[in-house]
Amino acid sequence: MRLMKQAIDENLLVASYHPLLQTRFPGRKIYLLSCHLKTATGQLIPYNSLRKLAGMSNMEPDLDRWMAGTGLQALKRMHLEQPEASIIIPQSGNALHNAEYPRWLDRQRQREDLSSRGLVIAFHLSQIAKDLKLARDCIQALHKLEIETMIDQFSEHPAAIKILKVMNSSYISVTQKLLDADDEVIHRIINVCHKRGVRILLPGIRRPQEVNLHWSSGADLLEGPYIHPATKDTEFSFPAVVS
1 MRLMKQAIDE NLLVASYHPL LQTRFPGRKI YLLSCHLKTA TGQLIPYNSL
51 RKLAGMSNME PDLDRWMAGT GLQALKRMHL EQPEASIIIP QSGNALHNAE
101 YPRWLDRQRQ REDLSSRGLV IAFHLSQIAK DLKLARDCIQ ALHKLEIETM
151 IDQFSEHPAA IKILKVMNSS YISVTQKLLD ADDEVIHRII NVCHKRGVRI
201 LLPGIRRPQE VNLHWSSGAD LLEGPYIHPA TKDTEFSFPA VVS
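Residue 1 is where the sequence shown starts when you use this note's numbering, and the numbers rise one by one after that.
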């Protein structure tokens, strides 16, 4: 727990950016923000573990602030090169259930003199389901500020579609279990989402066969080791035409 406090206080966290391949506009930059920590002994602590540490040490708001600040600065740099570029910033249930969060985020955006275009805030489906009213209030407030949202860890559970309809988010990112399900299942989810104008991110792509399958099925965004490894900055971009 002290490790998490030290990482935040001494700014030891290292940002990493996952390039997402857009199937319709490959040359348009969109990144998923993450981070990691390298300890004094050389141990690498990944983002998911940092999230757990933050939760155990009551430092989720601190990690949220670090992620939001880092993401906004990155988006500002990206917009100088490509105004239509986007970044997805994961945030915790603590932010989701905080009535002041949308206004706070908008103040940070204004401080950076940054348009809300391309700013996407991601929340876990499980955190949304914990308190639908608070989640809806937060997400609707973000939408009124023209900040888009993503539902992360989206599953095939029937309640997931109902939650998506209530939240009216523009993006979903599916679970690994859903990604590994029968092709018909993922195709059905994609069709339902596309009817609502929702864009689908399929993460963890490791093989070329998966790219061919999901590209043809209509997925909007692909991420994973086979697509491109995470980078230390946002300089990378896919060619406008991907063969």
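Some clues are possibly wrong.
Only pairs whose alpha carbons sit at most 30 Å apart, straight line, appear in this in silico DSS-like list of lysine-lysine [to be verified]:
1. K165 / K177
2. K38 / K133
3. K5 / K232
4. K177 / K232
5. K232 / K162
6. K133 / K52
7. K232 / K76
8. K52 / K232
9. K177 / K195
10. K177 / K162
11. K76 / K52
12. K232 / K165
13. K133 / K144
14. K195 / K232
15. K162 / K195
16. K52 / K162
17. K38 / K52
Each pair of labels, with its calculated beta carbon distance range [unchecked claim]:
18. P61 / A181: 29 to 37 Å
19. K130 / T41: 22 to 30 Å
20. G27 / K177: 12 to 20 Å
21. A181 / A99: 35 to 43 Å
22. H187 / L12: 30 to 38 Å
Hints are computed from structural coordinates only; laboratory data are not their basis.
Only a predicted model underlies this, so the values are computations on that prediction, with no experimental measurement involved.
Virtual Cβ for every residue (Gly too), placed ideally from N, Cα, C.
Here's how the hints hold up against the structure:
A hinted pair counts as satisfied when its Cα atoms are at most 30 Å apart, and K165 with K177 qualifies at roughly 22 Å. Note on K38 and K133: the hinted pairing is violated, with a Cα-Cα distance of about 38 Å set against a maximum of 30 Å. At roughly 23 Å between alpha-carbon atoms, K5 and K232 fall within 30 Å of each other, so this suggested pair holds. Between the alpha carbons of K177 and K232 the distance comes to roughly 28 Å, so the proposed pair stays at or under 30 Å and holds.
Under the criterion of a C-alpha separation no larger than 30 Å, the hint pairing K232 with K162 is inconsistent with the structure, at around 37 Å. The hinted pair formed by K133 and K52 meets the criterion: a straight-line CA distance of about 25 Å does not exceed 30 Å. Note on K232 and K76: the hinted pairing holds, with a Cα-Cα distance of about 16 Å set against a maximum of 30 Å. For the suggested pair K52 and K232, the alpha carbons sit about 23 Å apart, so the restraint of at most 30 Å is met.
At roughly 23 Å between alpha-carbon atoms, K177 and K195 fall within 30 Å of each other, so this suggested pair holds. Between the alpha carbons of K177 and K162 the distance comes to roughly 19 Å, so the proposed pair stays at or under 30 Å and holds. Between K76 and K52 the CA atoms are separated by roughly 29 Å; this keeps the pair inside 30 Å, and the hint holds. A C-alpha spacing of about 35 Å is found between K232 and K165, which places the hinted pair above 30 Å, so the restraint is violated.
A threshold of 30 Å between alpha carbons decides the hint, and for K133 with K144 the separation of about 16 Å falls inside it, so the pair holds. Restraint check: the Cα-Cα separation between K195 and K232 comes to about 36 Å, which exceeds 30 Å; the hinted pair is violated. Annotation: proposed proximity of K162 to K195 holds, straight-line Cα distance about 14 Å (limit 30 Å). With a C-alpha separation of about 28 Å, the suggested pair K52 and K162 falls inside the 30 Å cut-off, and the hint holds.
Distance restraint check for K38 and K52: the Cα-Cα separation of roughly 16 Å lies within the 30 Å cut-off, and the hinted pair is therefore satisfied. The hinted range of 29 to 37 Å is satisfied by P61 and A181, whose Cβ atoms lie roughly 35 Å apart. Between K130 and T41 the beta carbon distance is about 36 Å. The supplied range of 22 to 30 Å is therefore violated. Taking the beta carbon of each, G27 and K177 are about 32 Å apart, not inside 12 to 20 Å as hinted.
The beta-carbon spacing between A181 and A99, approximately 36 Å, falls within the hinted interval of 35 to 43 Å. H187 and L12 have their C-beta atoms about 43 Å apart, which leaves the hinted 30 to 38 Å range violated.
Violated hints, in rising order: 2, 5, 12, 14, 19, 20, 22; the structure is consistent with all others.
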